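Chains as they are written, first to last, in the numbering used here: chain A, 394 to 661; chain B, 143 to 211; chain C, 155 to 238.
What the hints contain is simulated information worked out from the structure, not anything from laboratory work.
Please read all numbers here as calculations on a predicted model, not as lab measurements.
Certain hints may be false.
Mimicking SDA-like on lysine to any residue, the simulated pairs with C-alpha atoms at most 25 Å apart in a straight line are [to be verified]:
no. : chain 1 : residue 1 : chain 2 : residue 2
1   : B       : Lys168    : A       : Gln582
2   : A       : Lys628    : B       : Pro172
3   : A       : Lys487    : A       : Ala504
4   : B       : Lys168    : A       : Ala583
5   : A       : Lys610    : B       : Lys152
6   : A       : Lys630    : B       : Phe202
7   : A       : Lys539    : A       : Phe549
8   : B       : Lys151    : A       : Gly614
9   : C       : Lys220    : C       : Leu160
10  : B       : Lys151    : B       : Asp185
11  : C       : Lys212    : C       : Glu171
12  : A       : Lys630    : B       : Val166
13  : A       : Lys411    : C       : Thr159
14  : A       : Lys628    : B       : Asp155
15  : A       : Lys539    : A       : Lys610
16  : B       : Lys152    : B       : Val184
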Amino acid sequence: MSFTDEQLERYSRNIILKEVGGKGQKKLLNGRVLIIGAGGLGAPAAMYLAAAGVGHLGLADADRVDLSNLQRQIIHTTSDVGLPKVESARLTIKALNPDVTVQTLEGLVTAENVSSLIKDYDFIIDGTDNFPAKFLINDACVIEGKPFSHAGIIRFQGQLITYIPHQGPCYRCLFPAPPPPDAVPTCRQAGVIGAMAGVIGSLQAMEAVKYLCGIGKPLTGSLLTYDALSMEFRKIKVTKRATCPVCGDNPTIVQPIDYEAPSCDLKP
Amino acid sequence: MELIVSGVKKNYDGALTVTQLLAVEKVATPEYVTVSINEELVDQAAFETHLLADGDQVEFLYFMGGGRG
Amino acid sequence: MPNKTLPPPDSTVDITEVVCPVTFVKVKVALDDLEPGQILSVRLNDGEPVENVPRSLKDEGHRVLKLSANGDGTYNLLVEKGQE
Numbered sequence: 394m395s396f397t398d399e400q401l402e403r404y405s406r407n408i409i410l411k412e413v414g415g416k417g418q419k420k421l422l423n424g425r426v427l428i429i430g431a432g433g434l435g436a437p438a439a440m441y442l443a444a445a446g447v448g449h450l451g452l453a454d455a456d457r458v459d460l461s462n463l464q465r466q467i468i469h470t471t472s473d474v475g476l477p478k479v480e481s482a483r484l485t486i487k488a489l490n491p492d493v494t495v496q497t498l499e500g501l502v503t504a505e506n507v508s509s510l511i512k513d514y515d516f517i518i519d520g521t522d523n524f525p526a527k528f529l530i531n532d533a534c535v536i537e538g539k540p541f542s543h544a545g546i547i548r549f550q551g552q553l554i555t556y557i558p559h560q561g562p563c564y565r566c567l568f569p570a571p572p573p574p575d576a577v578p579t580c581r582q583a584g585v586i587g588a589m590a591g592v593i594g595s596l597q598a599m600e601a602v603k604y605l606c607g608i609g610k611p612l613t614g615s616l617l618t619y620d621a622l623s624m625e626f627r628k629i630k631v632t633k634r635a636t637c638p639v640c641g642d643n644p645t646i647v648q649p650i651d652y653e654a655p656s657c658d659l660k661p
Numbered sequence: 143m144e145l146i147v148s149g150v151k152k153n154y155d156g157a158l159t160v161t162q163l164l165a166v167e168k169v170a171t172p173e174y175v176t177v178s179i180n181e182e183l184v185d186q187a188a189f190e191t192h193l194l195a196d197g198d199q200v201e202f203l204y205f206m207g208g209g210r211g
Numbered sequence: 155m156p157n158k159t160l161p162p163p164d165s166t167v168d169i170t171e172v173v174c175p176v177t178f179v180k181v182k183v184a185l186d187d188l189e190p191g192q193i194l195s196v197r198l199n200d201g202e203p204v205e206n207v208p209r210s211l212k213d214e215g216h217r218v219l220k221l222s223a224n225g226d227g228t229y230n231l232l233v234e235k236g237q238e
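Based on the sequences and whatever the hints tell you, model everything.
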């Protein structure tokens, strides 16, 4: 594969980086990233990955664009209200960069479809807003041996960690089981500043770019936390739990499980 | 006893278990918080009995669920 | 630079039709297709390209062998690809 002049110009800021170069750009163009959740985190992640020239993006989301989404979900615009989020996101991505092929799933990611969905991708971004989905994505990625970026945001706080097979802990090492429905607030109930989604979703995109290019050090073995009010980033070292039910020594979870979603997350 | 809690050095009177530290630090929903001591994750079942030692580095990890909706 | 005969280049690239930063980008991509020790010939314009491209190449560990004026406002640069 050789670059067109237009690609050389479009991706010049990537290629000019010693760590990326033409080879890294080709890896990006051949790269496949699945973004689960085309919302607060998925919007900036998808846009930066599309802009960087990640050639194949998958988007999964069951919702339609709502006016209350636009405060942070910058991949959607006012005229997209009412459209399926994956369709609205696909249109934005195609307008941003026609090099990118977009595959969409308009629907919920479930224990039944998650494994076949992630199978074709190199890296997965968890941009979901609820714990059943986060545990489902974690378990499926561990079982299928797929690297992924976990993130969560609420109010003025965000956190993320990267899982790479056989390196460091998985999300379930940190949190062995999801909290009961409605025991812990999600950002729908508690609020969040849009730029928080931008900061954390962009960091997820950065992890995907690094992974695809094979450069730098992934955020494995540390949970990066961000507090916007004190403007503090902290890297908390975390180690694998031998008793982890999915990636531990004697796993008891050998296939993805659906947990019941909290009632308020079932409706838009 | 001196502990480093969430990166900050603090002094505490007397011996403390993890459960007691969670109470002293007024951690919200302590039943859903993960605790790491000196970079090792502690089993929830051990919170009541695990006594913290002088100089321990303690971190609280919180569920953070937002992102999509 | 000693005036000895250099081996013929393994590849050539013309960057006179593009501007910074695509100038350097085209050279980098052309070097990607070569093995360390192989030689690339670059045709480039006077001014900013002649000032910056050889320097950027050196910064990335390549060896600039020769820079010569073509007499028409363009230059010819011979660069040996460095180790990756």
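Against the structure, the hints:
1. A distance of roughly 22 Å separates the Cα atoms of B:Lys168 and A:Gln582; the hinted pair therefore holds under the 25 Å criterion.
2. For the proposed pair A:Lys628 and B:Pro172, the alpha carbon gap of about 21 Å is at most 25 Å, so the pair holds.
3. The hinted pair formed by A:Lys487 and A:Ala504 fails the criterion: a straight-line CA distance of about 30 Å is larger than 25 Å.
4. The hinted pair formed by B:Lys168 and A:Ala583 meets the criterion: a straight-line CA distance of about 19 Å does not exceed 25 Å.
5. Between the alpha carbons of A:Lys610 and B:Lys152 the distance comes to roughly 32 Å, so the proposed pair goes past 25 Å and is violated.
6. Annotation: proposed proximity of A:Lys630 to B:Phe202 holds, straight-line Cα distance about 11 Å (limit 25 Å).
7. Using a Cα cut-off of 25 Å, the hinted pair A:Lys539 and A:Phe549 is violated, with the two alpha carbons roughly 30 Å apart.
8. Taking the CA atoms of B:Lys151 and A:Gly614, the gap is near 23 Å; set against the 25 Å cutoff, the hint holds.
9. Only pairs whose Cα atoms come within 25 Å are accepted, and C:Lys220 paired with C:Leu160 is accepted, the gap being roughly 9 Å.
10. Among the hinted pairs, B:Lys151 with B:Asp185 is consistent with the structure: their alpha-carbon atoms are about 24 Å apart, no more than 25 Å.
11. Taking the CA atoms of C:Lys212 and C:Glu171, the gap is near 23 Å; set against the 25 Å cutoff, the hint holds.
12. Among the hinted pairs, A:Lys630 with B:Val166 is consistent with the structure: their alpha-carbon atoms are about 23 Å apart, no more than 25 Å.
13. A distance of roughly 31 Å separates the Cα atoms of A:Lys411 and C:Thr159; the hinted pair therefore is violated under the 25 Å criterion.
14. Restraint check for A:Lys628 and B:Asp155: the C-alpha separation of about 28 Å exceeds 25 Å, so the hint is violated.
15. A threshold of 25 Å between alpha carbons decides the hint, and for A:Lys539 with A:Lys610 the separation of about 17 Å falls inside it, so the pair holds.
16. For a cut-off of 25 Å, the pair hint linking B:Lys152 to B:Val184 stands: about 20 Å separates their Cα positions.
Hint violations for this structure: numbers 3, 5, 7, 13, 14, all remaining hints satisfied.
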